[in-house]
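Below, each chain spelled out in residue letters.
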Amino acid sequence: MGTEFIKTICPYCGTGCGLIIKVKDGVAVATYPDREHPVSRGSLCIKGWSAHEFIHHPDRLTSPLLRKGDTFQKIPWDEAIPMAADKLRETAAKYGGDAVGGLSSAKCTNEENYLFQKLMRMVFKTNNVDHCARLCHAPTTVAMAQTLGSGAMTNSISDLAGAECIFVIGSNAAESHPIIMGEIYKAIDRGATLIVVDLRKTAVVQNAKIHLPINPGTDIPLLCGMMRHIIDEGLYDEEFVKARMEGFEELNEFISAWTVEKASGECGIDPGLIKLVAETYAKAKESAIVYCMGITQHACGTANVLAICDLAMLCGHVGKEYSGIYPLRGQNNVQGACDMGALPNVYPGYQSVSDPAIRDKFQKAWGGELSDKPGLTVTEIIGSAGKDIRAAYIMAENPALSDPDTSHVLESLKALDFLIVHDIFLTETARFANLVLPGSCFAEKSGTFTNTERRFQLLRKAVDPPGNAKEDFAILCLLGSALGLDFSYSHPGEVMEEIASLVPAYGGIRFERLERGGLQWPCPDSDHPGTQYLHKDRFTRGRGLFVTPEYTPPKELPDADYPYYLSTGRMFAHYHTGTMTRRSPFLNREAEEAYAEINPEDAIHLNVKDGEKIKITTRRGSIITTARITKRVSRGCIFAPFHFAEARANMLTNPVLDPLSRIPEFKVCAADVRKESQDDER
Amino acid sequence: MANITVFLCRCFGEIDNAIDFDLLRKELSKDTSVSSVSIVDSLCLEADIEKAASQIKETKADRVLIAACPTLSRGNLPVDGLIKEGIERHKIDLVDIREGCAWIHGNDPEGAVKKAKDLINMGLAALQHKEASKDMRVSVHPDALIIGAGPAGLAAATSLAKTGFKVNILERASAPGGMLRLISQLYPTGEDAADKLNPYIDEVENNHLITFYPQSKISSIEGCIGNFTVQFSSQGEDNSIQSGIIIIATGAKIFFPTGLYRYGEIRNVITQMEIERQFLKGSFDAKKPVFIQCAGARDKERPYCSTICCPASLKNAMRLAGENPGSEVFILHRGIMTPGNVLEKYYRDALSMGIQFICFEEEKPPMIMGNDRVEHVEVYDAVNGITRKIETDLVVLSTPLVPNDDSVRLAQMLGIEVDRYGFFSESYPMHPLETKMDGVFICGSARWPVASDQAILQGRAAAMKAVSYLRQREIAASTLSRVPGPKSGHARVVPDSCTGCGNCVAACPFEACHLEKLEDRHISKVDMMRCKACGNCVSVCPNGSMQIPEHNYRMVGEMIKRAF
Amino acid sequence: MNQPRILIFACKWCGLIGADAAGKKRASLPARFRVIPVECAALVEPDAILRALAGGIDGVAVLGCHSGGCRYNNANHASIKRFELLKDLLDTTGIGGERLLLSFGTAHEYHQFEEIIENFFNELAALPPLDPWLSPFGVVS
Amino acid sequence: MVVAVWSGKLIMLEKTKNIAKQILEEKKANGVLGLMKNQRDIVQPHVFKRLPELDALVLEPKWLLAKLSMSILRSSPEGYRLAVLCRGCDERALIELTKRNQIEKENLLTIGIACSQEQAAICLCDRPYPAKVDAGEIASGVDPFQDERVREFLIGNDKKRMEKWANVLKRCIKCYGCRNSCPICVCEPCKLEDDVWVQRGDVPAEMATFHLIRAFHLSDTCVACGACQEACPVNIPLLYLQLSMRKTLKEKYGYEAGLDPEKKSPILSDFLKEPETGREYPEWINSLREKDGH
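Residue numbers (our numbering), protein chains in the order written: chain A, 0 to 681; chain B, 393 to 956; chain C, 6 to 146; chain D, 13 to 306.
A few of these clues could be false.
Claimed, not checked - Mimicking DSS-like on lysine-lysine, the simulated pairs with C-alpha atoms at most 25 Å apart in a straight line are:
| id | chain 1 | residue 1 | chain 2 | residue 2 |
| --- | --- | --- | --- | --- |
| 1 | D | K61 | D | K21 |
| 2 | D | K61 | D | K117 |
| 3 | B | K953 | A | K241 |
| 4 | B | K917 | A | K612 |
| 5 | D | K61 | B | K917 |
| 6 | C | K30 | C | K17 |
| 7 | B | K917 | A | K614 |
To be verified - Covered stretches of chain B, as calculated for chain C (at least 3 residues, CB under 8 Å):
| id | stretch |
| --- | --- |
| 8 | 618-626 |
| 9 | 720-729 |
| 10 | 889-898 |
If you're looking for bench data, these hints aren't it; they were derived computationally from the structure. Keep in mind the model is a prediction, meaning the values are calculated, not measured. For glycine and all other residues, C-beta sits at the position ideal for the given N, C-alpha and C.
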């Protein structure tokens, strides 16, 4: 009897829960939670429980596909790899290496990301490599690197359970990071106070002691108002600030303009409540700030994160257990993809490409010339497709659904000379590809993922890729070799050794050490047990830096033509562009079709009943979706999950970018809503 | 989208006095599933029904909802009328807004309209989700099978044969007659048992429609009403017969009270059956007989009254007194049971013959005194409060009838029930002689101790009930209803989702569910001929695999959602 | 004043006749109850009762026939034990087993329908409202 | 003291291994399902088929194998026999599955292991041992109703309890982990997936339906293993929902799930016939009979 149980890591969010896949005769038939896993401890969310469902889906790509007109034709690997190599090389020869763009993937392992960026940087001498972190936590990386010196969650997930006050801002953890939410509940059971800042009355809000439904995009006024009150009342940690911080004077001066009353006027929260929240946060022995896309996906995303860092450092709630700053990473390996340098400005380990000493180190190690010019970001690569970018290699990303202003994205993809998409399904993006390479999903490969608490975890191969599909690692090795690199790795473990040799913070990471529970970086040497929380005695950058968060209101606010405020996000059963979850019957059953949430009063005004079709229009485009009438959203707000290809919420979103991190403003735009049948009558 | 026509019946003002029909109509018209709403004066009138029917045809409505008075007060007139006009039953539904709304909420007009609207809404939901059960038909094998050839069985057999049906009788003994063969005379007439029995035996022997199988033993019974197959052996030979119905007339047996009143220990303590045997041989010599009633009956173990023992004692006491002049006959009893004018007179006759009755209490039973023979009986006279010592030369114990040893086995084979003592039981007081299995009837002492005249009566009655089925060529499952009118439906299993847990099998009060083994699992099957659509299986099914289409969970769920 | 709402599952052969008879008597009852006729009390799924409570209905009554009076071979009494456990569960969670009323009677005892419903209304009015169990931000349909 | 506990555990493990060995040697079963600790220290369920494999057998942590046994037996060829290492709760779950025709009892062998006193205390288990104990010392049962936290949820006035429960249930993230991990839940599809009973696409799951329907469906099958509670990511004390129903069944009908393979659940039978004819109606039944003065 061929029944096996393989322990591995969940392919969905950044929590990185432990799964056990039951494999029967080479087929993944069930998923169970891993009782020994340090994060999930025998629990899973609905997505984790259903992780095996899409693995053997008939839609899986089983052979390389070559575009012939409007259709695809199956070709063998020994044609596909040389063709990919030739086309990319041709482009580089014709237009220069910077005409090639590469999108790496937060869904792929650390080793694959490392190889991908090495390939782009070595073969084409370009830094045009980025991935979807740009669309989620780019501001975090930028802002936290600036203030603390390290763009990652400061503490561990389990620390949350010990916090006395948990301040959740712009995160619907109950749906997006359910297992982390479990830790927050543990804290509540121990008497902690949960404060939630969210427009929607999410499941997190329902369990909160204090709810602050601020006006869209007014996080900075709220946070500044809090800081002002904390400083005024002398509630800040003076000793901490003196001993470990710099830039307090500048901050104090900046903050002095933000009286609580002014803040209240901006964010629409009662001044008394702002004061109460400020006091609760500051006075608690250990306070944690949890934030997510509600903070980052704004045109002022970086400033938002800066404000959060300032608040935490002001009160000394960093660098100790049970407190800290918790950016919840959205993808299973978005932390890892950033760590591995799949970013246009840094090499693995956040080592700047423009630093000559560092570049020299990598040139020596990799044996070739490297570019010192920071590359283009995701949105820029897509934006300049057909212009500066002539060919692109997209590995396991789906910008056609995930990037803002989708109609523009689609045109850009069409404009490319040659597009290689490497994925497990024929995604909306892959449909535009010239060459499609069939990759492997999480259960079909080995490697490491790094979860949101910086934990390197071992991914174990449970089943073989379907048909002629190959492990992503193997594809990258083949392509790398075809492009003239020495990619003769026999196992991802060898890649990890190379990484460890180049990045001091990962120096002690080895596959053998990850078998039980993984390791949290920094882990500089082979005896180091990993780091539970950062910035213990000193910040990564030395002293912590207060940076003033400049407030800019959302770029597009409701007006007479577009009277509604539209926000996008996730729902509990689906994940991102739905390529996996919508092919999992159990998950898809929960929400089979696209929908948008509308307040009952708005629904009466629009004469829409639950389940009826509505049309949402913004300056970028319009979608038809199903109305779900709920008090979860307040009047004048529309919430649309972005998982659904048939009603792409990102057709509507505003591509305006944050100047520092280049993240688009997904969370706020102005929209108009109509009942669909009305349009028909016109 | 459904296309439903709604009729609101005014009942000549009885309903729309309390409920604002215009408002109601306006509200209902908003519902996209409703194609038209009509207000009629009274759907009791044939003219209105005809008008309604033609309107339904005109609007091509596929479903009809009638909001009027409750079904029972109207005698289903409109529904029957519409069915006659060619509209299917399950496409019509009724909502009661008279008794259930207009008449009880007269002082709350707003609430009444709201309630009427909600009730109609629920009705609409029901109509949209209701499905129709399948029906099945079984062709009827026209032979009857009777188990037991006592008076009840013989009466049933001859009655059936007289109506022209072929009858098979299975009898455990070698000859027909049952317990009647062991008895000399019958109370209260005093006629010879043989005289009563012989015409029946003649009939069995001579009527070519009746086949008698002596020394029979049943090994299995399968099938359902209309077509039972019975495997049995008769005189050592295996055999199998088919029949449309089965009548159980297996009778009962006499309880032998070993150990009680020193029965079996000393001579001259005998039972009624032994005295009957003596009478069959001739006369009986006893000068001072004492009868003791309720020996082994109406006690903790058998708390029932066997009904035949008191009259039997009276009969034998009077016979002894008559045959032995000068004798002193005592009957010790715990209350003489002689209901009805005939038996009460019988008791008074005994009194006038000088038979003495002494009432004793259960706690203080009579004592049998004597060494190897009974010499006297000591009894506490509960009426006079004294202990009496009665000289005697014979003690006769009146013992009850008890069920046959194999009645439980037979009941299991047939899927019918026995009561707590082991007698076959009827399923419902309103259906005498019928068991919970259609086509299986019980009569005579198999059902409950009765005298031969009663047994014969029941045998004939059972035969007549059986005839009503046997004369049909086919039986439709839907007609096998226990309620007025046809069945409400049949339970239906969704085989793909059934887990085979067996809850329905355990819960079904009619043994209609059974498990069937598939390759890797079990699933439940419903026997439509047995199912009565009570819905017990639906309630215990863990995942809704068992449904009654006419009352499925979608319909109920939707009705609940729309209730307020 | 708490205005409870009641859902009644009435067996067609007894409970429903009682309800009809109350109407014939022109009893005056609050309009906040709805009747769903069922063939037998056994057909009432416990889940349906929970469904009703989840939808904001304050109490559910199940009316069936007397012992021995069931048209379906005592199927009505099969429901007793199920509801006994359901009451336990409702009690455990503080919803209150009182919200479930089970009553067996015959068609002739219609005079009691009124009394039962009125008492049930009063009993429910005294219970704390179910609000904490109804999701305040759920989908409104 | 610690040494004593350890050696006790070692003896128990050795004993278990010997039994498993014997079963394999004598070919009483085709495989033994238990927990295996591999060279990398990872524990996972495993079907032991060869003797050398048994070295890696371990007994901890508590890991219910009942449902796994069922799926293994189902997909095995005719005549395949499986021996299962089971604790008390696991054995009871296996019995319940057998009663519900999910496992054929001829194909199943159990090796019963008694739980430690500590484990019993963690699980609030009133019967921390299987009916057939092959290894381990029998620990005494824990009365869950004496536990502080249980009392918080089960005792006190209705209003407080209602809020208390609502407060934990509204945390539900609808992972279905309680159902998935339950050793008895085998229905496919499950009622919780049907939007007639539970609204789809929203969290928290509808409290009065999702949780109470789930709890009620297990009223007579729950073996109080606590797997639902252990799998719950948001710490809902799901086991407590079952306690009073289990108590009622035990006290009024003498029934405990998973004890007697032959005994059918009382809720399937007519009230008038169980436990004995003529039982009085429960007081709470508002029966018209008693009021009949007319």
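Hints, one by one, checked against the model:
no. : hint             : in the structure
1   : D:K61 to D:K21   : holds (24 Å)
2   : D:K61 to D:K117  : holds (20 Å)
3   : B:K953 to A:K241 : violated (63 Å)
4   : B:K917 to A:K612 : violated (42 Å)
5   : D:K61 to B:K917  : violated (38 Å)
6   : C:K30 to C:K17   : holds (19 Å)
7   : B:K917 to A:K614 : violated (48 Å)
8   : 618-626          : violated (count 0)
9   : 720-729          : violated (count 0)
10  : 889-898          : violated (count 0)
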